[in-house]
Amino acid sequence: MTPTDIHQPDYFHKVVDCQWGCPAHTNVPEYIRLIAQGRYTDSYLLNRQSNVFPGVLGRTCDRPCEPACRRGRLPEPGETLEEAKPVAICRLKRVAADLRDDISDRLPKAPAVKNGKRIACIGAGPSALTVANDLMPLGYSVTMFEKQNKPGGLMRTNIPSFRLPEKVLDDEVGYILDMGVDIRYNSPVTSLKSLLDEGYDAVYVGTGAPRGKNLELPGRYETDRIHIGIDWLESVAFGHVSTIGEKVLIIGVGNTAMDCCRSSARMGGKTIKVMARRPRGFFKASPWELEDAEEEGVEIVINHAPKRFVIENGKLTGMEFERLEWDAEAKKSKTIDTVIIPCDDVILAIGQDNAFPWIERDLGLEFDKWDMPVVDQKTFASTRPNVFFGGDAAWGPKNIIWAVEHGHQAAISIHQYCHGLPLAERPPAHMNLISQKMGLSEWSYANDYNPAHRQKMEHVDLAKRFRELNIEVEMGFSPEQTAREVQRCLNCDIQTVFTAKRCIECDACIDICPVQCLTITRNGDEEDLRGRLSAPAFNITQALYVSDALPQTKRIMAKDEDVCVHCGLCAERCPTAAWDMQKFEIMIAQAGDLCQIPQPA
Amino acid sequence: MPSITKPIAAHPSLAKNQLGLTIRDYEGSMSTLCAGCGHDSITAAIIRAVWELSLAPHMIAKLSGIGCSSKTPTYFVSGAHGFNSAHGRMPAIATGANAANRALTYIGVSGDGDSLSIGLGQLSHAIRRNLKMAYILENNGVYGLTKGQFSASSDLGSKSKRGEPNRVSPIDPALLALSIGATFVARSFSGDKEQLVPIIKAAIAHRGFALVDVISPCVTFNDHNGSTKSYSHVREHQLRAIEADFVPPAPEILAEITPKGVTNVTMHDGSVLRFTTLPAGYDPTDRQKVYNYLLEQQSAGNVVTGLLYVDESAPDVHELANTSELPLSQIPFEALCPGAATLAKLQDEFR
Ligand SMILES: Cc1cc2nc3c(=O)[nH]c(=O)nc-3n(C[C@H](O)[C@H](O)[C@H](O)COP(=O)(O)OP(=O)(O)OC[C@H]3O[C@@H](n4cnc5c(N)ncnc54)[C@H](O)[C@@H]3O)c2cc1C
Ligand SMILES: Cc1ncc(C[n+]2csc(CCOP(=O)(O)OP(=O)(O)O)c2C)c(N)n1
Ligand code: SF4
Ligand code: SF4
Ligand code: SF4
Ligand SMILES: [Mg+2]
Numbered sequence: 001m002t003p004t005d006i007h008q009p010d011y012f013h014k015v016v017d018c019q020w021g022c023p024a025h026t027n028v029p030e031y032i033r034l035i036a037q038g039r040y041t042d043s044y045l046l047n048r049q050s051n052v053f054p055g056v057l058g059r060t061c062d063r064p065c066e067p068a069c070r071r072g073r074l075p076e077p078g079e080t081l082e083e084a085k086p087v088a089i090c091r092l093k094r095v096a097a098d099l100r101d102d103i104s105d106r107l108p109k110a111p112a113v114k115n116g117k118r119i120a121c122i123g124a125g126p127s128a129l130t131v132a133n134d135l136m137p138l139g140y141s142v143t144m145f146e147k148q149n150k151p152g153g154l155m156r157t158n159i160p161s162f163r164l165p166e167k168v169l170d171d172e173v174g175y176i177l178d179m180g181v182d183i184r185y186n187s188p189v190t191s192l193k194s195l196l197d198e199g200y201d202a203v204y205v206g207t208g209a210p211r212g213k214n215l216e217l218p219g220r221y222e223t224d225r226i227h228i229g230i231d232w233l234e235s236v237a238f239g240h241v242s243t244i245g246e247k248v249l250i251i252g253v254g255n256t257a258m259d260c261c262r263s264s265a266r267m268g269g270k271t272i273k274v275m276a277r278r279p280r281g282f283f284k285a286s287p288w289e290l291e292d293a294e295e296e297g298v299e300i301v302i303n304h305a306p307k308r309f310v311i312e313n314g315k316l317t318g319m320e321f322e323r324l325e326w327d328a329e330a331k332k333s334k335t336i337d338t339v340i341i342p343c344d345d346v347i348l349a350i351g352q353d354n355a356f357p358w359i360e361r362d363l364g365l366e367f368d369k370w371d372m373p374v375v376d377q378k379t380f381a382s383t384r385p386n387v388f389f390g391g392d393a394a395w396g397p398k399n400i401i402w403a404v405e406h407g408h409q410a411a412i413s414i415h416q417y418c419h420g421l422p423l424a425e426r427p428p429a430h431m432n433l434i435s436q437k438m439g440l441s442e443w444s445y446a447n448d449y450n451p452a453h454r455q456k457m458e459h460v461d462l463a464k465r466f467r468e469l470n471i472e473v474e475m476g477f478s479p480e481q482t483a484r485e486v487q488r489c490l491n492c493d494i495q496t497v498f499t500a501k502r503c504i505e506c507d508a509c510i511d512i513c514p515v516q517c518l519t520i521t522r523n524g525d526e527e528d529l530r531g532r533l534s535a536p537a538f539n540i541t542q543a544l545y546v547s548d549a550l551p552q553t554k555r556i557m558a559k560d561e562d563v564c565v566h567c568g569l570c571a572e573r574c575p576t577a578a579w580d581m582q583k584f585e586i587m588i589a590q591a592g593d594l595c596q597i598p599q600p601a
Numbered sequence: 001m002p003s004i005t006k007p008i009a010a011h012p013s014l015a016k017n018q019l020g021l022t023i024r025d026y027e028g029s030m031s032t033l034c035a036g037c038g039h040d041s042i043t044a045a046i047i048r049a050v051w052e053l054s055l056a057p058h059m060i061a062k063l064s065g066i067g068c069s070s071k072t073p074t075y076f077v078s079g080a081h082g083f084n085s086a087h088g089r090m091p092a093i094a095t096g097a098n099a100a101n102r103a104l105t106y107i108g109v110s111g112d113g114d115s116l117s118i119g120l121g122q123l124s125h126a127i128r129r130n131l132k133m134a135y136i137l138e139n140n141g142v143y144g145l146t147k148g149q150f151s152a153s154s155d156l157g158s159k160s161k162r163g164e165p166n167r168v169s170p171i172d173p174a175l176l177a178l179s180i181g182a183t184f185v186a187r188s189f190s191g192d193k194e195q196l197v198p199i200i201k202a203a204i205a206h207r208g209f210a211l212v213d214v215i216s217p218c219v220t221f222n223d224h225n226g227s228t229k230s231y232s233h234v235r236e237h238q239l240r241a242i243e244a245d246f247v248p249p250a251p252e253i254l255a256e257i258t259p260k261g262v263t264n265v266t267m268h269d270g271s272v273l274r275f276t277t278l279p280a281g282y283d284p285t286d287r288q289k290v291y292n293y294l295l296e297q298q299s300a301g302n303v304v305t306g307l308l309y310v311d312e313s314a315p316d317v318h319e320l321a322n323t324s325e326l327p328l329s330q331i332p333f334e335a336l337c338p339g340a341a342t343l344a345k346l347q348d349e350f351r
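Residue numbers (my numbering), protein chains in the order written: chain U, 1 to 601; chain Z, 1 to 351.
In case anyone wonders, no lab produced these hints; they're calculated from the structure.
Misleading hints may appear alongside valid ones.
Distance condition first, Cα-Cα at most 30 Å in a straight line; then the derived DSS-like pairs of lysine-lysine [stated by the list, open to error]: (1) Lys6/Z <-> Lys437/U; (2) Lys14/U <-> Lys6/Z; (3) Lys6/Z <-> Lys85/U; (4) Lys437/U <-> Lys147/Z; (5) Lys213/U <-> Lys150/U; (6) Lys159/Z <-> Lys554/U; (7) Lys71/Z <-> Lys437/U; (8) Lys6/Z <-> Lys456/U.
Same shape as in the complex, but just chain U (with noise of 0.2 Å):
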């Protein structure tokens, strides 16, 4: 293999697998020290400049950055693989969020004066939210149109307040729109056209995915007790509905089913179903919220296939069900019979669509066959130069932590087009390497890990929290768990980084090593050095790091990435410090960061 460049920032961002997995690559590692010597604020300002929403997603995230946590692939003695546990890197954000001092001074501020380019978000969701929070601090005006009477998007109006309280949401929503967002409430914008009228310089369509999928079979409109789950949920925020019937049948099994029977739990539901056309393990709820619904007495109910909608005498009483076999993949089905399950009401939760129905399709803006605006990937730019795309509204429904990555470039693309430079040429990322190293076998950070079990979320009494709607399940972390579980984490931005000129081969690295992580062999072709190394690397998914030709035998020092601890017993035993721990920070480009595009020379 050819030796390693280091200095392609990715190369050690992969190696902080938390940080790489989060779509707006939160600094995890740093952010989790910073918890551990108290400083609850500025780990959630550092929080804050990637992830925007830290309180709300402290709550809510859908936590990409655990199922990619180095920690979840190290388990204990005793445990199995499948048992290992990833740090809670997203309850502890929770920590940083409500721990946090007053903060007011230390945001980003509007300029007194303007730039004089004037922005147009439509929407105000967690994608548009974040554009204005990037473009406002460089002096841009952005103006901000909502249908509903508050922001937040799906954040308020289907999130339930038992999940995310109304106030955690507010005071981050505020720290945006209190730079001087020109925020328009109950204001649908219902002609693109005669928005781009108004001379914007730049639109910004943070609309989402606000239609719900509908269920087209006999008897749907033969009753007003069949309910859009994401209608309904938005019904329940607003307080325009309150009470449901006794036996509740949820359809499908996603985030908005699991929102759906949670909330009936709390509004007079007692039987309530959630209906799974295939087995588990192939929902796309998360684990977790399948725990959460089933600890408030909720079934899932699995193989089912709504057939039709039993209606009698005008009354919806029941709906039938194919019974299906699997295969084990889950791809092919086969019905066994069909039951008739009784209810009083059915709500479908069964997926988001796009709809642009005011959008005029003579602006130069395309679309594809699927009626869906062409948007670029990496620039989130539509085929109109001023119209910007990005959260659910460019590709579908995702989820809060892509909304707001998607705000953060599409805002680099509105800088970049309001001063004429190129949207493909992106601002590129810089680094830090620094070294942690304060004296013989003494390091600026703590490098031994807790082997701890992951620390439990308690929960609230069943009894007490469905008193009424809006009591918080999650009682958060106590201290005890905090000092845990911060110990947990295995600092993977302090980085082995080796110099291959000083090594003596002494193998004092290799015979240290708790993980097998180091080898010295002549080198290879990647697939026969992962074969040949101290623990063969099968995790093709994570790097190796290769030496240049070591100066006494010419043979190489390997790297398996996969399992490090960054323990950095490697660099206290070598005697000429070849390998040295240093903390890698990755800077991200932002919007309003210089685009350098290398000039030839």
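Once you have looked at the hints, place chain Z with the ligands on chain U.
The following block gives chain Z with the ligands in isolation, referenced to the frame of chain U:
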């Protein structure tokens, strides 16, 4: 001294031996030696060898004298028995232990000072008696523990850290051992585990006394230019002349036809030493020729490494001294200590 003990985490593809143990189960406490010390690397090689041999930790006894090298038994196989003797006196302890219990695997670790200076007499007689043990001499050319004085293995002209050359002629443990009847002589280098691990395994399998002289650079006092025991000097002058694989006892391997140009030596326990590289005319069972070859190469400035000499036919200490088959700990007390009357009767026989 490392800041922390090794975390207990393990690589997912970590293998298990026949006892179901991973190599980590054979570790000891954290080393307190200098970072980069060759001795630590030998410790790692011993760990690998005993793990690969699937030895049960409680059936191993670790013995040593005094010195940095002699500290290292603490750093491997915590589950084994151990004895840290007075300086240069490990062979005496090993002799006693051998007599008391021949069921254990004895691994001795010593230094060039411990073995060739203060302990030379003890070492010599252990060799002559063909004590059943693997004796690993961690050879760095200095007294590491007492801050780097020249030892008895320091080569003529080799420079101290302050630049003074050694003017006293050295003892080569391999030549010494051959001259007094050793039955297993090997030399290796701490920086060459590929060679060292199979040698240690063979030494453990050997029926009598196995001397393994391992050049083991002292990073602090003897790894400078001008030293003949530095990493770079050994790498430049190492002559890997004699290469042997250690093949554990297994019927299917023995049935295999020996490839052309390969010399096999069958060990007492059924394992096989398969010599794959040998200089022309070299015979690892011919004491005279091996001796001559080593002398020749020594004057050429080469450090010959490999499994140099082996003789599986010579009787070991147990045959020579007619020791008990059964460990003394398993003999009933009455048989072991039959009382004053029996002693008096025995003494009467000599009057
Ligand atoms: C029930 C449910 C639960 C969810 N739970 C989670 C969760 O726990 N964690 C998570 O990460 N994600 C969750 N999501 C997904 C997440 O809420 C969305 O992916 C995210 O909010 C998308 O953000 P956005 O900015 O693209 O759009 P949205 O949040 O949908 O915001 C769009 C905004 O645009 C407004 N708007 C739409 N059309 C117009 C128009 N023509 N004119 C003016 N305004 C308009 C809307 O009123 C809305 O305020 C959930 C989704 C649902 C449905
Ligand atoms: C009887 C006695 N004499 C002298 C010493 C001092 N002493 C301790 S270690 C040592 C030399 C050890 O050298 P070596 O065996 O080569 O070990 P190394 O430290 O080099 O590995 C000496 C002379 C002692 N401990 N006991
Ligand atoms: S152990 Fe810590 S730094 Fe490493 S991936 Fe998990 S959370 Fe991130
Ligand atoms: S920091 Fe070094 S010693 Fe520790 S696990 Fe990583 S490679 Fe191994
Ligand atoms: S400890 Fe240092 S000098 Fe020794 S092999 Fe490792 S990197 Fe090289
Ligand atoms: Mg010595």
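Going down the list of hints, with the structure as the test:
At most 30 Å may separate the alpha-carbon atoms for a hinted pair to count; Lys6/Z and Lys437/U meet this at roughly 19 Å. Restraint check: the Cα-Cα separation between Lys14/U and Lys6/Z comes to about 25 Å, which is no more than 30 Å; the hinted pair holds. The straight-line distance between the Cα atoms of Lys6/Z and Lys85/U is roughly 21 Å, inside the 30 Å bound, and the hint therefore holds. Taken as a hint, the Lys437/U and Lys147/Z pair is honoured in the structure, with Cα atoms around 27 Å apart against an allowance of 30 Å.
For the hint pairing Lys213/U with Lys150/U, the CA-to-CA distance comes to about 24 Å; that is within 30 Å, so the pair holds. Of the supplied pair hints, the one linking Lys159/Z and Lys554/U holds, its CA atoms being roughly 27 Å apart against a limit of 30 Å. For the suggested pair Lys71/Z and Lys437/U, the alpha carbons sit about 28 Å apart, so the restraint of at most 30 Å is met. About 27 Å separates the Cα atoms of Lys6/Z and Lys456/U, which keeps this hinted pair within 30 Å; it holds.
This entry satisfies every hint, going by the numbered hints stated previously.
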